[in-house]
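Enquirer: Listed below are the residues making up each chain.
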Amino acid sequence: MKRPESQLVHYDLVKHHFVFGVTFLFVGLLAGFLYSLQFIHHYPFEGIEWLSAARVRMLHTNAIAYGFLVNGFTGALYYAVPRTTGNPVLSRKLGVFLGWALQFTVLATAVGILLGRAQAVEWGETPTGFEPGSLQPNWIPCDLLVCVFAVGLAIQMSAPMLRARGKRLYVTAWYVTAGLIWTILTYVMGNFLPEWFLPGTAGAAVVGLYIHDLVGLFVTPMGWGLMYFFVPVILRKPIWSHSLSIIGFWALAFFYPLNGVHHFLLSPIPMYVQYGAILATMAVEVVVTTVVVNFFATLWGRGHAVRENLPIRWFYTGMVLYFITCLQCAWHTTVHAQKIIHFTDWVPGHAHLVMFGVFTFWLIGIITWLWPRITGNEWYSKKLLSHQYWWTVVGLSVMFVDLTAAGLVQGFMQRALDPWLEIVGAEVPFWFVRTLSGAMILLGYAMFLYNLWMTARVQRAPYREEDHLARIPAETPADLHLPTTAPEV
Amino acid sequence: MDRYKGVFLVAGLGMFFLAFVASGILPIATLSDIPYQTLDEIAGDPIPEWRDLAERWPEAFEEAFGAEAREQALLLSRNLEDQPADPAAVAATTRAYAEALDRGRDIYIAEGCWHCHSQYVRGVSQEEERWGPVAMADEFENELQLPQLWGTRRVGPDLSREWGRHTNDWHAAHLWDPKATSPGSVMPAYPWLFEEDPVWQPEEAVRAAAAAIADEKERTTWLRRELARTRLRPNRDGLSLITFLQWLGSWKPERPWNNASL
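Protein sequences, first through last, are from chains Y and P. Numbering of the first sequence is given in this note's numbering, commencing with residue 1 and proceeding in unit increments. Numbering of the second sequence is given in this note's numbering, commencing with residue 1001 and proceeding in unit increments.
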């Protein structure tokens, strides 16, 4: 039984999350850019307490993690989950409530961080609402609100999954279901254990696990889950190997969480735990290779889409960068590489490659694909979309190469026992290039925002699904509940 | 497939918990025989810099921690082996000292210092030469390590061996204006940890003294430092943060790792 299109996907929820997501991404990018100015002695808000550079740094990562990634993924799930399962989500009302709860949480987090209520857990600076390590309230308990949202979203999405009983579940459903459950566990573990129960070294091991699981068990499953949905949908052909996708899923589930401690290598954490983490990290590269091979095999015969179709171009660029990131992981996790690169700019270079180059690229691709379907208007300017792509990709590449080189210089100078201020001085030129690359990314993003705004505002041409269906012939009718006509808005 | 859904769910959860065992439970078990220290236990043995703060900024200290705590702090001998006998007196300053450590740490967290400074020394890359002894797990089993502040990035120096590397005065000038003590530093300034000192030297006198320095770069740095040093006094937050910074590494029996130039 096929439901009428209008009852399957709640486009208003998709739109709500995308609108807030892209807004918070702007805040996040701007905060990162401002923070970079501190390093070239031009921070504009020096001396203003609530805009202190390091607080703005935390705003940068949190606005992107909770403001953009969570909103972006949630919006995309509201589209993808009903389509993969053929069932609508539990309730539109719940969706509206969760949406506003999330936006409130993000705002409370941002304001809390700027007011000095952050928690000392990386990627978990979200205020606990209590004085560190005690039970004395000092702010809105954002950690708890995030938990409420995560549980709510899991319930919301479990309805279509459970109703799909008896059918073979597509791999997207695997990733999403598992990801939502893991996210709750990970979040509770990282934000409550080291803060109240696990001091010192054992706490550090759990914080490492948290940092890693948040990327590995929330962001990665959502990202790949959505890729498994959107790539076949846009290319209009099924994924190359269903079995390989399932192998990739379980191997990821097994190896990824075991990596945690590699964030604190050569620390007082027992060495056998560290060696375990190093081996697991290397194993992840094998897993990643299976996944990437599957996607490139899917692209086979449709290569022109990378040139003609922007979402596909974003997706595959992200996959290439993902492969590079993981290749990097596999060897810079060794203790030999760690001696030099740990504590240096190498690591932020690596982090930007994966959080921006992969997952943000994918979400930008997804938004690029869905925005005309949400607004009912064709893109205001396709040329601008292409310009945006190049500014962003070149900006990120420059940043990555620059920070990697900077990391090597720092690492070797530190080992050579050079005076600290000389090391800082040697870095400033690299930091200057980093700021320039950030400006390129920001410029590219400004084009996107303008384009989104104008597309929603001005209808140059109405969006018609049929036009797009004609362009790439369907090889096999995919078993996904695809629209054949434009959605009613 | 449907029949096995439950099995898959358990398998997925199992993998999460497997990782938690491998990188949580196992280290906890390995480290479980290290005794845990509460804040009061740590504060039972105040560092000499605590007394120095009471001496250096008497009004600020009294405003922040009370007259009694200051009197008691002054009773502490400069020599740690020679503590004052009266336990009540020690208790009074110990309470204030514990409060300062706790508050200092809160500020360290709130200001995100831990994003630019690490707090553990590795046994590689000559780190022992630069910072001091390699970090051991037992250093971190206490109430001020909830959560630990190891950090993952060193824009600035490691701070886990900071005790006695600089004077209180230096820290004050540095926090007010890092470029005053460390030309070319990229560390942010923290003026909100200070108040203007009502009895500061007239600025003209400092400027006149600066004029005598020939080298321009040296003169600017000297002037910035002297202005900061004479005009300012840390407020409660500033005193607490300095106390916390000075405390870092004081648990090591060896006296300071005085290679600040490195």
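Everything labelled a hint here was simulated from the structure, so no lab data went into it. C-beta: ideal position from N, C-alpha, C; glycine also. Honestly, I wouldn't trust all of these hints.
Across the chosen pairs, the derived CB separations fall in these ranges [unchecked claim]:
1. Leu1013(P) with Trp100(Y): 42 to 52 Å
2. Thr1038(P) with Trp240(Y): 17 to 27 Å
3. Val428(Y) with Gln1126(P): 49 to 59 Å
4. Glu1218(P) with Ile48(Y): 28 to 38 Å
5. Asp1033(P) with Asp418(Y): 35 to 45 Å
6. Ala1091(P) with Ile155(Y): 17 to 27 Å
7. Ile155(Y) with Val1010(P): 32 to 42 Å
8. Glu1196(P) with Ser134(Y): 48 to 58 Å
9. Asp418(Y) with Ala1091(P): 31 to 41 Å
10. Leu1013(P) with Val96(Y): 54 to 64 Å
11. Val1007(P) with Phe104(Y): 57 to 67 Å
12. Ala439(Y) with Val1007(P): 45 to 55 Å
Take a look, some chain Y residues computed to stay more than 12 Å from chain P by CB distance [said to hold, decoys possible]:
13. Leu193
14. Leu258
15. Pro270
16. Arg307
17. Pro372
18. Glu378
19. Ser381
20. Val394
21. Val401
22. Leu417
23. Val428
Enquirer: Hints first: check each against the structure and report whether it holds.
Expert: Results of checking the hints against the structure:
no., hint, result
1, Leu1013(P) with Trp100(Y): 42 to 52 Å, "violated (30 Å)"
2, Thr1038(P) with Trp240(Y): 17 to 27 Å, "violated (59 Å)"
3, Val428(Y) with Gln1126(P): 49 to 59 Å, "violated (24 Å)"
4, Glu1218(P) with Ile48(Y): 28 to 38 Å, "holds (30 Å)"
5, Asp1033(P) with Asp418(Y): 35 to 45 Å, "holds (40 Å)"
6, Ala1091(P) with Ile155(Y): 17 to 27 Å, "violated (53 Å)"
7, Ile155(Y) with Val1010(P): 32 to 42 Å, "violated (20 Å)"
8, Glu1196(P) with Ser134(Y): 48 to 58 Å, "violated (32 Å)"
9, Asp418(Y) with Ala1091(P): 31 to 41 Å, "violated (46 Å)"
10, Leu1013(P) with Val96(Y): 54 to 64 Å, "violated (30 Å)"
11, Val1007(P) with Phe104(Y): 57 to 67 Å, "violated (38 Å)"
12, Ala439(Y) with Val1007(P): 45 to 55 Å, "holds (52 Å)"
13, Leu193, "violated (8 Å)"
14, Leu258, "violated (5 Å)"
15, Pro270, "violated (5 Å)"
16, Arg307, "holds (38 Å)"
17, Pro372, "holds (36 Å)"
18, Glu378, "holds (40 Å)"
19, Ser381, "holds (39 Å)"
20, Val394, "holds (26 Å)"
21, Val401, "holds (19 Å)"
22, Leu417, "violated (6 Å)"
23, Val428, "violated (8 Å)"
Figure legend: structure checked against the earlier numbered hints; hints not met, in rising order: 1, 2, 3, 6, 7, 8, 9, 10, 11, 13, 14, 15, 22 and 23.
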